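The primary structure of each chain is shown beneath.
Number of protein chains: 2
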Amino acid sequence: MEIKVMKNIMHSNNMIAAENREIMKDKKISAINILASPGAGKTSLLVKLIEVLRNKVPLAVVEGDIAGSIDAEKIDKLGIPVVQINTCGGCHLDANMIREALVTLKPADETIIFIENVGNLVCPSSFDLGEKLRIVVSSVTEGSDKPIKYPHVFQTADLIVLNKIDLIKHTDFDRDYFYKGVNAITAKKVMEVSCIESLGIEELAEEILKCCKIQEK
Amino acid sequence: MEIKVMKNIMHSNNMIAAENREIMKDKKISAINILASPGAGKTSLLVKLIEVLRNKVPLAVVEGDIAGSIDAEKIDKLGIPVVQINTCGGCHLDANMIREALVTLKPADETIIFIENVGNLVCPSSFDLGEKLRIVVSSVTEGSDKPIKYPHVFQTADLIVLNKIDLIKHTDFDRDYFYKGVNAITAKKVMEVSCIESLGIEELAEEILKCCKIQEK
Numbered sequence: 058m059e060i061k062v063m064k065n066i067m068h069s070n071n072m073i074a075a076e077n078r079e080i081m082k083d084k085k086i087s088a089i090n091i092l093a094s095p096g097a098g099k100t101s102l103l104v105k106l107i108e109v110l111r112n113k114v115p116l117a118v119v120e121g122d123i124a125g126s127i128d129a130e131k132i133d134k135l136g137i138p139v140v141q142i143n144t145c146g147g148c149h150l151d152a153n154m155i156r157e158a159l160v161t162l163k164p165a166d167e168t169i170i171f172i173e174n175v176g177n178l179v180c181p182s183s184f185d186l187g188e189k190l191r192i193v194v195s196s197v198t199e200g201s202d203k204p205i206k207y208p209h210v211f212q213t214a215d216l217i218v219l220n221k222i223d224l225i226k227h228t229d230f231d232r233d234y235f236y237k238g239v240n241a242i243t244a245k246k247v248m249e250v251s252c253i254e255s256l257g258i259e260e261l262a263e264e265i266l267k268c269c270k271i272q273e274k
Numbered sequence: 058m059e060i061k062v063m064k065n066i067m068h069s070n071n072m073i074a075a076e077n078r079e080i081m082k083d084k085k086i087s088a089i090n091i092l093a094s095p096g097a098g099k100t101s102l103l104v105k106l107i108e109v110l111r112n113k114v115p116l117a118v119v120e121g122d123i124a125g126s127i128d129a130e131k132i133d134k135l136g137i138p139v140v141q142i143n144t145c146g147g148c149h150l151d152a153n154m155i156r157e158a159l160v161t162l163k164p165a166d167e168t169i170i171f172i173e174n175v176g177n178l179v180c181p182s183s184f185d186l187g188e189k190l191r192i193v194v195s196s197v198t199e200g201s202d203k204p205i206k207y208p209h210v211f212q213t214a215d216l217i218v219l220n221k222i223d224l225i226k227h228t229d230f231d232r233d234y235f236y237k238g239v240n241a242i243t244a245k246k247v248m249e250v251s252c253i254e255s256l257g258i259e260e261l262a263e264e265i266l267k268c269c270k271i272q273e274k
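Heads up: the protein sequence lines correspond to chains A and B, in order.
The number in my numbering is simply the position in the first sequence, starting from 1, with 57 added.
The number in my numbering is simply the position in the second sequence, starting from 1, with 57 added.
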């Protein structure tokens with residue numbers, strides 16, 4: 058019985074995700090679903106990407122959190138349209154939440170919408186939101202075994218970002234082991250960045266623009 | 058319909074958790090459920106605690122992971138009895154998994170069983186395993202806003218560990234903000250540790266011994 062209900066939830070989610078994808082395709086809007094552990098630096102990365110991209114394309118942000126609006130307040134201060142979704146304990150965003158966020162945001166044509174998912178390296182990877190691009194952010198302070206221990210989120214991502222690269226010298230992070238773990242499960246690109254030292258941000262922004270233009274799911 | 062099924066799952070889990078608690082109480086066994094984000098340092102902390110506690114009490118470990126047995130292998134090398142539970146994509150351990158682990162481990166009377174839950178700051182906090190003590194581990198590299206953003210896991214913990222304190226000087230971690238966040242939702246104790254510099258480990262081991270003896274759920 059449990060499995061049956063889960064299938065229903067997934068089927069319903071996928072239907073709505075497909076609708077979201079169609080709606081956005083018509084307006085050339087690109088949604089980017091950002092997945093990571095709590096504290097991997099999703100919001101800091103968003104702030105840095107907004108700095109680089111804000112004069113190039115219309116931007117909007119959907120913030121997913123269990124509680125509060127700390128992250129949405131940071132984005133709002135930058136003058137970027139933002140919607141906060143509180144899941145009230147829920148461990149992931151789903152496609153229906155994004156459908157409602159789209160109604161609220163009313164994004165202009167060709168907008169890039171960054172969706173910061175709930176900090177969780179497990180559950181969000183099972184829920185298609187209708188995004189064009191899925192990015193998983195892993196940070197060096199989490200250790201180099203994350204791709205091996207949480208394979209699904211890395212497998213389903215279109216792009217992998219390795220964050221907090223400035224801290225690598227203070228940790229026992231094993232870069233070879235991390236890349237071996239990634240390469241064992243996916244051929245997707247890894248981009249290394251540091252938000253504090255602004256390393257790799259411009260390159261990541263360029264890659265995002267490229268993916269949003271040429272990659273069709 | 059979804060909610061009804063969820064209640065059934067929770068009710069069933071809580072029944073088994075209560076049975077686990079009774080079984081362990083009879084043998085004066087203490088299970089410690091350790092919750093944290095991926096990469097917060099649960100396994101490193103376990104290794105350090107084992108060093109301090111192994112000559113004082115019988116120890117055993119249950120490793121919960123989505124995939125693989127990396128962490129269990131680390132514990133096995135120390136000569137401590139360990140069971141690896143692979144959730145195969147599942148985002149948390151449940152009481153039935155622990156019931157089966159107890160059958161496999163056959164722990165001696167007065168054993169302390171450390172249960173390393175799946176790296177996830179959301180879902181595991183809703184599942185009672187029958188533990189005597191619940192510890193949440195947060196690391197300074199995750200940022201100081203975790204108690205505010207993930208309140209349930211901090212509220213349901215008996216003890217809060219702030220790990221990777223050696224890295225605090227390399228981050229923008231705001232200690233006052235972290236403690237304010239904790240104190241706003243719980244009166245539970247926070248203990249600061251560093252596994253790399255072996256700071257606070259002996260004190261934490263003492264606290265665990267104290268809690269296991271005097272605290273009854």
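Be a bit skeptical, because a hint or two may be false.
Each pair may be met inside one copy or between any two copies, as identical chains are not told apart.
Stated by the list, open to error - Calculated pairs, DSS-like style, for lysine-lysine (alpha carbon to alpha carbon, straight line, at most 30 Å):
1) 134 <-> 237
2) 131 <-> 226
3) 237 <-> 131
4) 113 <-> 226
5) 226 <-> 134
6) 267 <-> 134
7) 226 <-> 245
8) 245 <-> 134
9) 113 <-> 237
10) 237 <-> 84
These are calculated hints, taken from the structure and not from any lab test.
Quantities reported herein were computed from a predicted structural model and do not represent experimental measurements.
Tell me the numbers of any earlier hints that the structure contravenes, in ascending order. As far as the earlier hints go, 4, 8, 9 and 10 are violated by this structure, in ascending order.
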